[in-house]
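The lines below spell out each chain.
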Amino acid sequence: MRIAVTSTGESLISEVDPRFGRAAFFIVCDTDTMDFVAIENENVAGGAAGIGSAKRVIDEGVEAVLTGNCGPNAQRTLDAAGVKLYIGVTGTVAEAVEHFKSGTLTIAEGPNVPSHFGMDK
Amino acid sequence: MKEVVVISGKGGTGKTSIVASFAALAKNAVLADCDVDAADLHLILNPDVKRTTDFSGGKLASIMTDKCIGCGRCEDVCHFDAATFDGPGNDVVEKTYTIDPISCEGCGVCVHFCPVDAIEFKEAVNGQWFVSETRFGPMVHARLGIAQENSGKLVSLIRKEAKRIATEQNSDLIIVDGSPGLGCPVIASITGADRVLVVTEPTLSGRHDLDRVIELTKHFNIPTAICINKWDINPSIAAEIRDAAHSRNLQIAGEIAYDPAVTKAQIAAKSGVEYSNGRLKGQIVSLWESVLGVL
Amino acid sequence: MLDNFVVAIASGKGGTGKTTVATNLASAACDSGHKVQYLDCDVEEPNGHIFLRPQIAASRQVTIDVPQVDTEKCTACGQCGQICQYGAIVCIKDNVLTFEQLCHACGGCFRVCPDDAITPKPLEIGTLACGKAGAIEFVSGQLNIGHVRTPTLIKEVKRHIHPECLAIIDVPPGTSCPVVEALKDTDFVLLVTEPTPFGLNDLKLAVELVRELSLPFAVVINRYDVGNEKVEEYCEAEGIRVAARLPDDRRIAELYSSGKMIVRELPEYRNCFVDLVGAMEAHR
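One line per chain: the protein sequences are A, B and C, in this order.
When we follow the numbering used here, the leftmost residue of the first sequence carries the number 1, and every step to the right adds one.
When we follow the numbering used here, the leftmost residue of the second sequence carries the number 1001, and every step to the right adds one.
When we follow the numbering used here, the leftmost residue of the third sequence carries the number 2001, and every step to the right adds one.
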């Protein structure tokens, strides 16, 4: 399965970025092979970051997103595409994927932070 | 590495003067001037610009005069009164349409509906941002062009760059001169910061704007402290601010009395702590230590 | 008598005394027999009411039209999402999502939809209040926090300008597009500054803007006896008239802090504002 994990860096041992819309990178990986690609998030500056980031990962064909927090606009967009959102994710990207595979992550009921949460860190 | 952002709500409370002194007192900091509409910090810090980059906040529509057939569709569809029938003639018509770049909001609707594709839609250059060296360390700052939309995008860029430099140079601190007001540029200045310092003045106007600013910082869950500048202009309102702060569990990080030395320092292109050796310096140092103490 | 005349009080830098000048000018003009309107266009941080203490007679929400999608009619063609530059309407698979707070009300999505599936829905962006402060007609806007349409609200406030009056507009500080909206189509601009390096720096930006907009203007120097001569020298070199000067009187600062009017409490300054009215009449 293809999933996206928000990341502070470009590798599987990078820490999960606690934000979605303004995450530094998205690690898009295949959970079976652990092949992955790191995508630099171009939505960091400016408005509509959540929506832009959601569209970006949707275009990558992911079925799920793993992150710390996600605001309302992004959540709605992911939801419309049928992408499952997991929040409260911490640790390294690799650890996050392992937790996902073992089914121990929390699925989001709704957005857990207000809009603009993750700007500029 | 920590980030402290200084904002004011209302303009003219002394935010930039205080940031200049913080820059002087900090060891190993990166400075970011996010007051992009009316930047003043450079007048004290005298930056040596090392790198300049054009900033584009959006697009602008522009009519290619020789292709225009004068049909007026652009004027019909424009919601911002940017298209007018006052351009020169061409081979086909005596008069053409033009788009006022100041009124154009870059929505692209005229571009879409022009029947002869006579309208270009290009990235506008709305300003420039700079990476510079100052006597207190690296500084990232910008100039937004006049009549531009201040959406916060440029502010975000400045903070991103300051963060990058701070990481590279192993700095301890990023000090941000924030935008005044309450809109997107302020939000872009403060989110994710470790601490916000609101510089306020003991006036009814200042009080009114302080309340709104505190709502904003609370909304984004950022630890906030207050500095009452020129407190002696109205000690009774200063007292009200102190009480309001205590009842909301907000720290009063410092109080500075009105002092003509502030203007004199500015004229000498020095920060308050470089210029003064008396009361002003003492009060600013105390404020700084208070802010540092909680970081 | 100054009627059918719109004067904007602006400043590159915040805190130079725009609202002080605007409110006291309104009061002095009114006392001199003019029919005066005061319009507070600093809609993010309106402060005029603190000094003029108006009785508000009417207050309403100002709205913009944002898109509402009829999912029955929508064929998911994606055109609305393509035309929107702001991320306010977005097409994801077969769904159309709207994000109202990002909408700039450009009308693009409504026009482009081939299925007539998008209709306008009002979104509140701020409040508009009208009333009277003595004989001064008072109009003020206050933007709801988090909204982007500052220029739209300012435009709405200015719709209340009455041709029979001397209309005084309190402009937001700076030079960005809300300021442009406030300054547009005014007859005269007073730029308030202070004689300090920050004041001069920001004055130059404001001058650049009013020249770009081809508006006649003059400068008011507040706290003229602090600072240095550079603002005066700049005005002289640029052929800019200094229409008034206010001294650095601590009493003025104290009155301001308590929301009091200079022309009421310090009658010796009344002439300064009366003369300013005269200066504008002369320009006219």
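Worth double-checking, as some hints may not be accurate.
What the hints assert, rightly or not - Using 25 Å as the maximum straight-line C-alpha spacing, the simulated DSS-like pairs for lysine-lysine come out as follows:
1. K1160/B - K1067/B
2. K2132/C - K1059/B
3. K1270/B - K2204/C
4. K2204/C - K1264/B
5. K1270/B - K2230/C
6. K2230/C - K2132/C
7. K1002/B - K1218/B
8. K2093/C - K1264/B
9. K2184/C - K1059/B
10. K2093/C - K84/A
Said to hold, decoys possible - Facing chain C, from chain A, some residues (calculated, C-beta under 8 Å):
11. A48
12. I51
13. I58
14. G61
15. N73
16. T77
17. A80
18. A81
19. K84
Everything labelled a hint here was simulated from the structure, so no lab data went into it.
Note that CB positions come from ideal geometry on N, CA and C, so glycine has one too.
To see whether the hints hold, each was checked on the structure:
With a C-alpha separation of about 42 Å, the suggested pairing of K1160/B with K1067/B is violated against the 25 Å cut-off. Only pairs whose Cα atoms come within 25 Å are accepted, and K2132/C paired with K1059/B is rejected, the gap being roughly 42 Å. Restraint check for K1270/B and K2204/C: satisfied, since their Cα atoms lie roughly 21 Å apart, inside the 25 Å limit. Taking the CA atoms of K2204/C and K1264/B, the gap is about 21 Å. The hint holds against a cut of 25 Å.
Simply put, K1270/B and K2230/C have alpha-carbon atoms about 17 Å apart, close enough for the 25 Å limit, and the pair holds. Pair hint K2230/C plus K2132/C does not hold up; C-alpha atoms about 40 Å apart against a cutoff of 25 Å. Taking the CA atoms of K1002/B and K1218/B, the gap is about 19 Å. The hint holds against a cut of 25 Å. Using a Cα cut-off of 25 Å, the hinted pair K2093/C and K1264/B is violated, with the two alpha carbons roughly 62 Å apart.
Taking the CA atoms of K2184/C and K1059/B, the gap is about 22 Å. The hint holds against a cut of 25 Å. Of the supplied pair hints, the one linking K2093/C and K84/A holds, its CA atoms being roughly 15 Å apart against a limit of 25 Å. Interface hint status for A48/A: upheld, as the beta-carbon distance to the closest one in chain C is roughly 3 Å, under 8 Å. Because the closest C-beta pair between I51/A and chain C is about 5 Å apart, less than 8 Å, the hint holds.
Restraint check, I58/A versus chain C: the minimum CB separation of about 6 Å is within 8 Å; hint holds. Hint on G61/A is violated. Least Cβ distance to chain C is approximately 12 Å, over the 8 Å limit. Against a cut-off of 8 Å between C-beta atoms, the interface hint on N73/A holds, since the closest Cβ of chain C lies about 5 Å away. A least Cβ separation of about 6 Å between T77/A and chain C falls short of the 8 Å threshold, and the interface hint therefore holds.
This hint holds: A80/A has a C-beta 4 Å from the nearest C-beta of chain C, less than the 8 Å allowed. This hint holds: A81/A has a C-beta 5 Å from the nearest C-beta of chain C, less than the 8 Å allowed. Interface hint at K84/A: violated, since its Cβ lies 14 Å from the closest Cβ of chain C, which is beyond the 8 Å cut-off.
Comparing the model with each numbered hint stated earlier shows that hints 1, 2, 6, 8, 14, 19 do not hold.
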